[in-house]
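So the protein lines, in turn, are chains A and B. Per the numbering used here, the first sequence starts with residue 738, numbered consecutively. Per the numbering used here, the second sequence starts with residue 11, numbered consecutively.
Since the hints were made in silico from the structure, they are not lab data. Mixed in with the good hints there might be a few duds.
[To be verified] Partner residues are not named here, just some residues of chain B that face chain A (Cβ under 7 angstroms, in silico):
1. K191
2. A198
3. D202
4. A205
5. E207
6. A208
7. V209
8. G210
9. D212
10. Y216
11. V219
12. E310
[As the list claims (entries may be wrong)] Simulated crosslink set (DSSO-like; lysine-lysine; CA at most 30 angstroms straight-line):
13. B:K153 / B:K91
14. A:K800 / A:K757
15. B:K325 / A:K855
16. A:K757 / A:K798
17. A:K808 / B:K318
18. B:K317 / A:K871
19. A:K871 / B:K191
20. B:K91 / B:K191
21. A:K800 / B:K191
22. A:K855 / A:K757
23. B:K325 / A:K871
24. A:K798 / A:K808
25. B:K191 / A:K855
26. A:K871 / B:K318
27. B:K162 / B:K317
28. A:K808 / A:K871
[Unchecked claim] With beta-carbon atoms standing in for the labels, derived distance ranges:
29. A:F750 / B:L289: 54 to 64 angstroms
30. B:T287 / A:E848: 49 to 59 angstroms
31. B:A152 / A:G776: 16 to 26 angstroms
32. A:S739 / B:R333: 54 to 64 angstroms
33. B:V47 / A:F846: 33 to 43 angstroms
34. B:F179 / A:L875: 39 to 49 angstroms
This one's a predicted model, so the numbers in the text were calculated from it and none came from an experiment. Ideal Cβ placement from N, Cα and C applies to all residues, glycine included.
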Amino acid sequence: MSLLEIKGLTKQFGGLTAVKNVDFDIDEGEIVSIIGPNGAGKTTIFNLISGFYPVTAGTMKFKGRSIVGLKPHQVCQRGIGRTFQIVKPFGSMTVLENVLVAGLCRFGFEEARDEAMKCLEFTGLAERADQPAKSLTLGGRKRLEMARAIVARPDLVLLDEVVAGLNPRETEETIQLIRRLRERGVSAAAGVEHVMRVVMTLSDRVIVLNHGEKIAEGTPQEIAGDRRVIEAYLGEGYAQS
Amino acid sequence: MKTLSNLRSNFVYAVVGTGAILAFVPFVLSSSYLLQVLIIVLLFVTLGVSWNLLGGYSGQLSLGHAVFFGIGAYGVALLSKPLGQSPWLGLLAGAVLSLPLAAFVGYVCFRLRGPYFTLATIALAEVIRLVVLNSVDLTGGAKGVTVRPLFKGVDKAPWYLLALGLAVFVVLVTYLITRSKLGYYLVAIREDEDAAEAVGVDATGYKMVALAISAFFTSVAGGFFASYLSFIEPDMVLSVERSVEICLLAIIGGLGTILGPVVGALILGLAGEWFRTNLGQAHLLTYGVLLVAVIMFMPEGIVGTMKKAGQVIGKRLSEERRRVTA
């Protein structure tokens, strides 16, 4: 049984169909990249799974139980963490408190503090634990999002636009970080717009979206040579060469 | 960790100690006028601290808290009689009734966020004021209604002690909440509601809890106020001015701090009294001038600004110390 099973997922905003009949699974311990050009529907899919948008049609099962219609905090409590494309730190809290709050939903104070510290070490933020979250750089904030998403020991994390806006060194660190999620037994679905190197080195499997539809799925190598993928990214003229 | 828990209990001791010292005031002070001013200040403390739990900690700026003040006031006024002539039971009944009212207000207003939430609270409070104003048979309408006093006689000391006890209790409750999971959740909701939901915080549920606690204490204060004045009419307890006054206590003192509303209550209570006696009708200007001054020069309120200044100075000192030892 897959960890996450999605069938026929559809989301309409008025007349616009942002996600159209998308199927995919994520297995335990797997890292899946969801890629596609800007506006392809990646963030919408994350918002559907995590309960921020109501689903128009389709089924979503997590560990065999439907998660359709759950509120975001309920989805979190089922074991799905998430990060946001536009980072959302709790600005007035310290870095540690940001992660601590997320841990409190699962642990008591003492344990949550220990777990939060572990996650800060995992994401390389331990030295900044007592600084206010708003003092972090974008790279730091993205890692804070990650620490916050994993502290309650989810089985799956949804990472929306993991590397957007990061410099090459930060990108490299983020890739290492996501790969190490496996050590914690966490599966990941990572949304990536167009940093191909990330997709190639990061993922066990790649799902390609365009205009809200899944146009391809496979290993990174299969995807890189897929005609429809090249068309979606570069336009039809380039698919020949 | 150790110093932290010491600090925690130190705060509780400090609050209880201050309360105990203040309890001697009526035995030392013979002026019943000064006692009256202090009673209003203490009532403001209760109101400001209660409002601050919802407005300051969870970031839901309610401008409709007069409804809770009002239900407490009308609870004592109207329910004391059927409840065996006991104003105490009336007070309690008003406070208990504030909970379903809070659930209703929350159900309606928490669908909206930010300024829309605030506007909804104003609208709802106005609707309720108009209903009370026009339910002449039940509430006496604009003619008002007399209220049974909690304490008989002219001595103001028992009123003062009750107001003090209430203020100390509310400060302690708020303090304990800020140290609990609830306190952390509320601040997370204030900072970013979506992110709070994403880490498993039931934002609507916890906002509702904050509103219920806030409404409960606000209505107790309302009942106290009504009984103390022994007469109320809708514009005294249910007006927008009342709601604004309640929220100013926390904004001027410092949103989301425990002592902020206490400082705000002292300033508005004392300055308000001084201006009322010296400037007559113009005393309302003080609220405006104070608010503008605070927003311009201390946007985080008096306590918030002092806290920050303290941190900066502390940092400088520790750097200095490091330089000296190095």
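Would you settle whether the hint for A205 (chain B) is holds or violated, based on the nearest Cβ-Cβ distance to chain A being less than 7 angstroms?
-> At about 4 angstroms, which falls below the 7 angstroms cut-off, the nearest Cβ of chain A leaves the hint on A205 (chain B) intact, so it holds.
Holds or violated: are the alpha carbons of K798 (chain A) and K808 (chain A) at most 30 angstroms from each other?
-> 15 angstroms, holds
Can we keep the A208 (chain B) interface hint, with Cβ of chain A closer than 7 angstroms?
-> Holds - the Cβ of A208 (chain B) comes within 7 angstroms of chain A, reaching about 5 angstroms at its closest.
Taking only the CA atoms, is the gap from K91 (chain B) to K191 (chain B) under or equal to 30 angstroms?
-> 41 angstroms, violated
Report holds or violated for the interface hint on K191 (chain B), using the least CB-CB distance to chain A and a cut-off of 7 angstroms.
-> Since the shortest Cβ distance to chain A is 5 angstroms, the answer is holds.
Going straight from one Cα to the other, do K800 (chain A) and K191 (chain B) come out at no more than 30 angstroms?
-> Roughly 28 angstroms between the alpha carbons, so the hint for K800 (chain A) and K191 (chain B) holds.
Given V209 (chain B) was flagged as interface, is its beta-carbon under 7 angstroms from a beta-carbon of chain A?
-> The hint holds - V209 (chain B) has a Cβ within 7 angstroms of chain A, the shortest such distance being about 4 angstroms.
Is K162 (chain B) close enough to K317 (chain B), meaning Cα to Cα at most 30 angstroms?
-> Given pair K162 (chain B), K317 (chain B) is violated - Cα atoms ~43 angstroms apart, limit 30 angstroms.
May I ask you to test the hint 54 to 64 angstroms on the CB atoms belonging to S739 (chain A) and R333 (chain B)?
-> 60 angstroms, holds
Below or equal to 30 angstroms on CA atoms is what counts here, so check K317 (chain B) against K871 (chain A).
-> 18 angstroms, holds
Is the straight-line distance between the alpha-carbon of K800 (chain A) and that of K757 (chain A) 30 angstroms or less?
-> This hinted pair holds, its Cα atoms lying about 23 angstroms apart.
Given the hinted pair K325 (chain B) and K871 (chain A), is their alpha-carbon gap at most 30 angstroms?
-> Holds - the C-alpha atoms of K871 (chain A) and K325 (chain B) are around 18 angstroms apart, at most 30 angstroms.
Against the hints set out earlier in the document, violations occur for numbers 10, 11, 12, 17, 20, 22, 27, 31.
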